[in-house]
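Number of protein chains: 2
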Amino acid sequence: MDMWLKEGQISDAAMTYKIKETLVRKQTEYQDLAILDTYAFGRMLVLDGIVQTTIKDEFVYHEMISHIPLFTHPNPKKVLVVGGGDGGAIREILKHPSIEKAVLCEIDGSVIEECKKYLPEISSELNNPRCEIFVGDGIKYVHEHKNEFDVIIVDSTDPFGAAEGLFGGSFYKEIYECLTEDGIFIAQTETPFYLPEVVKKVFNDAKAVFPVTKLFMAGIPTYPGGYWSFTVGSKKYDPETVDLSNKIDFETKYYTKKLHKACFTLPKYIENLIK
Amino acid sequence: MDMWLKEGQISDAAMTYKIKETLVRKQTEYQDLAILDTYAFGRMLVLDGIVQTTIKDEFVYHEMISHIPLFTHPNPKKVLVVGGGDGGAIREILKHPSIEKAVLCEIDGSVIEECKKYLPEISSELNNPRCEIFVGDGIKYVHEHKNEFDVIIVDSTDPFGAAEGLFGGSFYKEIYECLTEDGIFIAQTETPFYLPEVVKKVFNDAKAVFPVTKLFMAGIPTYPGGYWSFTVGSKKYDPETVDLSNKIDFETKYYTKKLHKACFTLPKYIENLIK
Chain A
1 MDMWLKEGQI SDAAMTYKIK ETLVRKQTEY QDLAILDTYA FGRMLVLDGI
51 VQTTIKDEFV YHEMISHIPL FTHPNPKKVL VVGGGDGGAI REILKHPSIE
101 KAVLCEIDGS VIEECKKYLP EISSELNNPR CEIFVGDGIK YVHEHKNEFD
151 VIIVDSTDPF GAAEGLFGGS FYKEIYECLT EDGIFIAQTE TPFYLPEVVK
201 KVFNDAKAVF PVTKLFMAGI PTYPGGYWSF TVGSKKYDPE TVDLSNKIDF
251 ETKYYTKKLH KACFTLPKYI ENLIK
Chain B
1 MDMWLKEGQI SDAAMTYKIK ETLVRKQTEY QDLAILDTYA FGRMLVLDGI
51 VQTTIKDEFV YHEMISHIPL FTHPNPKKVL VVGGGDGGAI REILKHPSIE
101 KAVLCEIDGS VIEECKKYLP EISSELNNPR CEIFVGDGIK YVHEHKNEFD
151 VIIVDSTDPF GAAEGLFGGS FYKEIYECLT EDGIFIAQTE TPFYLPEVVK
201 KVFNDAKAVF PVTKLFMAGI PTYPGGYWSF TVGSKKYDPE TVDLSNKIDF
251 ETKYYTKKLH KACFTLPKYI ENLIK
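For the protein sequence lines, the chains are A and B, in the order given.
Under full-length UniProt numbering, the first residue of the first sequence is numbered 1, with each subsequent residue one higher.
Under full-length UniProt numbering, the first residue of the second sequence is numbered 1, with each subsequent residue one higher.
Derived by calculation from the structure, the hints in this document are not laboratory data.
What you are looking at is a predicted structure, and each value in this text was computed from that prediction instead of being measured.
By construction, the Cβ of each residue, glycine as well, lies at the ideal position given by its N, Cα and C atoms.
Please note: incorrect hints may appear among the correct ones.
[As the list claims (entries may be wrong)] Distance condition first, Cα-Cα at most 30 Å in a straight line; then the derived DSBU-like pairs of lysine-lysine:
(1) Lys20(A) x Lys56(A)
(2) Lys268(A) x Lys146(B)
(3) Lys95(B) x Lys261(B)
(4) Lys201(A) x Lys140(A)
(5) Lys261(B) x Lys275(B)
(6) Lys275(A) x Lys6(B)
(7) Lys275(A) x Lys207(A)
(8) Lys6(B) x Lys56(A)
(9) Lys207(B) x Lys56(A)
(10) Lys268(B) x Lys236(A)
(11) Lys101(A) x Lys268(B)
[To be verified] Using C-beta positions, here's what the derived DEER-type ranges look like:
(12) Leu23(B) x Gly8(A): 26 to 32 Å
(13) Asp182(A) x Phe160(B): 48 to 54 Å
(14) Tyr269(B) x Lys173(A): 35 to 41 Å
(15) Glu132(B) x Leu23(A): 57 to 63 Å
(16) Lys26(A) x Ala208(B): 50 to 56 Å
(17) Gly161(A) x Lys101(B): 52 to 58 Å
(18) Lys253(A) x Asp32(B): 35 to 41 Å
(19) Asp238(A) x Pro196(B): 42 to 48 Å
(20) Phe160(B) x Lys257(A): 34 to 40 Å
(21) Val242(B) x Lys173(A): 25 to 31 Å
(22) Pro196(B) x Lys247(A): 25 to 31 Å
(23) Pro196(B) x Gly161(A): 32 to 38 Å
(24) His143(B) x Gly8(A): 46 to 52 Å
[Unchecked claim] Covered by chain A, per the in silico footprint, the following chain B stretches (three or more residues, Cβ under 8 Å):
(25) 10–21
(26) 37–48
(27) 91–102
(28) 145–151
(29) 242–254
(30) 267–275
Sequences are here, hints too, so could you generate the full structure?
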């Protein structure tokens, strides 16, 4: 049987992946969840038909969403991940020895459960004693915790449906309150090529809340366009100019200290978008 | 009719594009040539089933393959484009007022002819008096011209089939001879994610010939992986450290002077590939 996944994120153009095996497919309380084994990217998590993460290219996303804010903050101890049920961000966060507690607040417990089972390379640190898992609404969690986290990572699905409330001004104000006085926020913020208006709105919403707001790019093959944006909002430290010389080194596949700075230099059309 | 192009470049994963209209489809002396009008990317040139350039994202490729070498050279007067029959590189090259002659050496005259007809936004400068068109073999042309060009741009299809001879050491030696004493060479050199061995080989082949060899990346949505490599070989000037402060400014959509430097800072896995 020649079985292919056709991804439905962008209209009139689609990535397709040849499937070896469907490892799990179920309707959870929140979404259509599948973990597929593919020929080109190995096992992948697919939510509502959209590829979230794959064994072969997850390192780009998880390294960049974690190490940029954690190396920008001088001494991050408490980190909150909103979403991120696959555990990839948690795995990267716990590489930083200063971290005392990393809270994962994922609305869909089934994502955690199935990723623990089928994506052990990504979910490997979800049982780490420094990781605390909370299954519930990220918006509610952030609202109920004030002045608590040094870094907040919004590792969500796209801003349509379930995750819509995780993008935009009112949530960013709550995040600001949830951060400590020198805290840093980061979110994945979509493709500037296909969804320029989303990138622009989200950036401006963050900019209205945070004294320092920067956007950077990373090359992620399984995300539409292959060139993905992340937005950083910071109360104090500038991720682009921070001194990284005294930071520890550990093995990475994408992140480097030099790239930490360079990734904020944007192509003209993206620069114009957030001007 | 719901008609889609499925691109065959990468096995087991494929980009697909919904087609509005097939403007031209023919077997030329060298390849299967099509110009399709698509919903997501507008008109696109497809050779042997592989998307070469599209109205919507061509600016990234054509700006980066042209302006990086042309702004690195202090006074480029004569440029050779090997391949590039769509005319996009010629259009960008002729934005540099120092250019006296830009030679396009394209093996397949049908590409030039059909792009003039159906992709006028890209081919617009092919009739410019500073552009000289030569329909013929690039390898032969380069062999027959010594010490002549300040910049040589290899704007070819992929290193399989017709364009295979345009990648690799023996051709790069000929290019070296064809360049003036401070000349610069650039080529599109594929995707480090899907084809790491190709990127590695091509880079090392160039490095064996040129005193300065550098690789940079750009985000191109319609190329596999969306994050594409270019290799620069230079006899004298380093594109990453060259002083750009006195260079003229003109309107671009991707290239900026700051990005000219930053694009050479590579993700770790690409850095490792060419170490």
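task = May I ask which of the numbered hints given earlier this structure violates, with the numbers listed in increasing order?
result = 2, 6, 19, 21, 27 and 28
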